[in-house]
Amino acid sequence: MININLMIKERPRVDWRRVGAIAGLGSAVAGFSLYALAWWTDYSEVQQDLADLAPLAESYRKADAQSGKLKEQADLATRQEQALARIGRNQAPTGQTLVLQSVFAAAPPAVSVTGVVIDQEQVLLLTGQAPDFASAMQYLRALRELPMVSAVEERKVATTAAGGTTFTFAARVRREGAP
Amino acid sequence: MTRQRLLICVLAVVVLFGLPVYFMDGALAAGRARLEAEQAALAPLRQQAAAVRALEADLAERSKRSAAVQNRLIAAQPFATIQAELTAAAKQSGVTLGSVVLEGPAVVPDWPGVSRYQATLTVKGDRNQYLAFLRLLEDHRLLIELPEANLRMQTPAAAKSGVPGVEQVLELGFFVSSPGGKP
Chain A
166 MININLMIKE
176 RPRVDWRRVG
186 AIAGLGSAVA
196 GFSLYALAWW
206 TDYSEVQQDL
216 ADLAPLAESY
226 RKADAQSGKL
236 KEQADLATRQ
246 EQALARIGRN
256 QAPTGQTLVL
266 QSVFAAAPPA
276 VSVTGVVIDQ
286 EQVLLLTGQA
296 PDFASAMQYL
306 RALRELPMVS
316 AVEERKVATT
326 AAGGTTFTFA
336 ARVRREGAP
Chain B
40 MTRQRLLICV
50 LAVVVLFGLP
60 VYFMDGALAA
70 GRARLEAEQA
80 ALAPLRQQAA
90 AVRALEADLA
100 ERSKRSAAVQ
110 NRLIAAQPFA
120 TIQAELTAAA
130 KQSGVTLGSV
140 VLEGPAVVPD
150 WPGVSRYQAT
160 LTVKGDRNQY
170 LAFLRLLEDH
180 RLLIELPEAN
190 LRMQTPAAAK
200 SGVPGVEQVL
210 ELGFFVSSPG
220 GKP
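Those sequence lines, one after another, are chains A and B. Residue 344, in our numbering, is where the first sequence stops; the numbers in between run on with no holes. Residue 222, in our numbering, is where the second sequence stops; the numbers in between run on with no holes.
Don't read these hints as lab results, they were simulated from the structure. Virtual Cβ for every residue (Gly too), placed ideally from N, Cα, C. Incorrect hints may have been included.
In the BS3-like style, the derived pairs of lysine-lysine whose C-alpha atoms are separated by at most 25 Å in a straight line are [as the list claims (entries may be wrong)]: (1) B:Lys103 to A:Lys234; (2) A:Lys236 to B:Lys103; (3) B:Lys130 to B:Lys163.
Stretch by stretch, here's where chain A covers chain B in the computed footprint (C-beta under 8 Å, at least three residues) [claimed, not checked]: (4) 43 to 54; (5) 57 to 66; (6) 72 to 86; (7) 142 to 155; (8) 170 to 180; (9) 184 to 193.
Could you put together the complete structure from these sequences and hints?
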């Protein structure tokens, strides 16, 4: 007699615990691998940054060591520029000829300018003679209209018994770039 | 028993992976902290270095301007050059030069390598000629220190030609580059 039960192959049973354990372990290994990769990237970056800082610090220190000498050079250059500005103050483009020509040209034919002084503060002192008081005032008005002078004022006006007038006017020369 | 084994397995996994993560995190945090500390320590130096670089650029720019000024200095034979330039300007403008006194050299404060020569001259001519002479000096290729204008003219009665005459003493400064000097 044949035992039929021996002929039927028993279907293997799924060991769900083992499956779960293997899946869990696999997930843990995969997760850890991803984490380790990300960590390694960050860590290498930080180490690279730290390594880069050393030569950077060295270059900063070298630059810092030069700063004293450079500041001295810059101070000297500034003093030279100031000296140059002082020396060349009356050369073009801020020359005085244009001012002188303008104040002479502004004078009416009867008015004679006999003295012009420009001081270091760019104040213009004009002295002259006019046949009468009205001509002197006409010159004053003409001076006020000149673009390169500002704040013209009378300093002294003297009229003789014969009507002749001597005058002294002061005006400030408008510097280039000033309003 | 089976449950205990499972628990042990889970614990083993946690320990096996958790401990490295803990130490790796620690190492990364320590590295970042060190980086931040070193960067903070370098910040003032970085600012200083940036200022130095700006100063270097500024000096390079100034050096170019200084080289341009160098061309406006007398290089050699100052007396002959000054005399020749003044004579040429006088001829061109029509003024007459009276006495011409040349003196030098004098040290220019704050300008090493450059010396100053002075020319004191008497200029005669009418007003227009004098202004033309002054204009030539103002526009001259050489660096000339011109005094502030102080002009005295003849009165109309004294001026026969109609244009007031001028006889003016001028003190002019000329600048000479010394060999090897840095302008």
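Structure-based check of all given hints:
1. For the given pair, Lys103 (chain B) sits about 19 Å from Lys234 (chain A) by alpha-carbon distance, which is consistent with the 25 Å threshold.
2. At roughly 18 Å between alpha-carbon atoms, Lys236 (chain A) and Lys103 (chain B) fall within 25 Å of each other, so this suggested pair holds.
3. For the hint linking Lys130 (chain B) to Lys163 (chain B), the alpha-carbon distance of about 12 Å falls within 25 Å, and the restraint holds.
4. With 4 residues bearing a CB less than 8 Å from a CB of chain A, the region 43 to 54 of chain B meets the requirement of three and the coverage assertion stands.
5. For the region 57 to 66 of chain B, the proposed coverage by chain A is satisfied: 5 residues have a C-beta within less than 8 Å of a C-beta in that chain, meeting the threshold of three.
6. Counting residues of the region 72 to 86 of chain B whose beta carbon lies closer than 8 Å to any beta carbon of chain A gives 7, which reaches the threshold of three, so the coverage claim holds.
7. Under the rule that three or more residues need a Cβ within less than 8 Å of chain A, the assignment of the region 142 to 155 of chain B holds, with 5 such residues.
8. Only residues whose C-beta sits within less than 8 Å of a C-beta in chain A count toward coverage, and the region 170 to 180 of chain B has 7 of them, enough to reach three; the restraint holds.
9. Counting residues of the region 184 to 193 of chain B whose CB lies closer than 8 Å to any CB of chain A gives 10, so the stated coverage by that chain holds, three being the minimum.
Comparing the model with each earlier hint shows no violations; every hint is respected.
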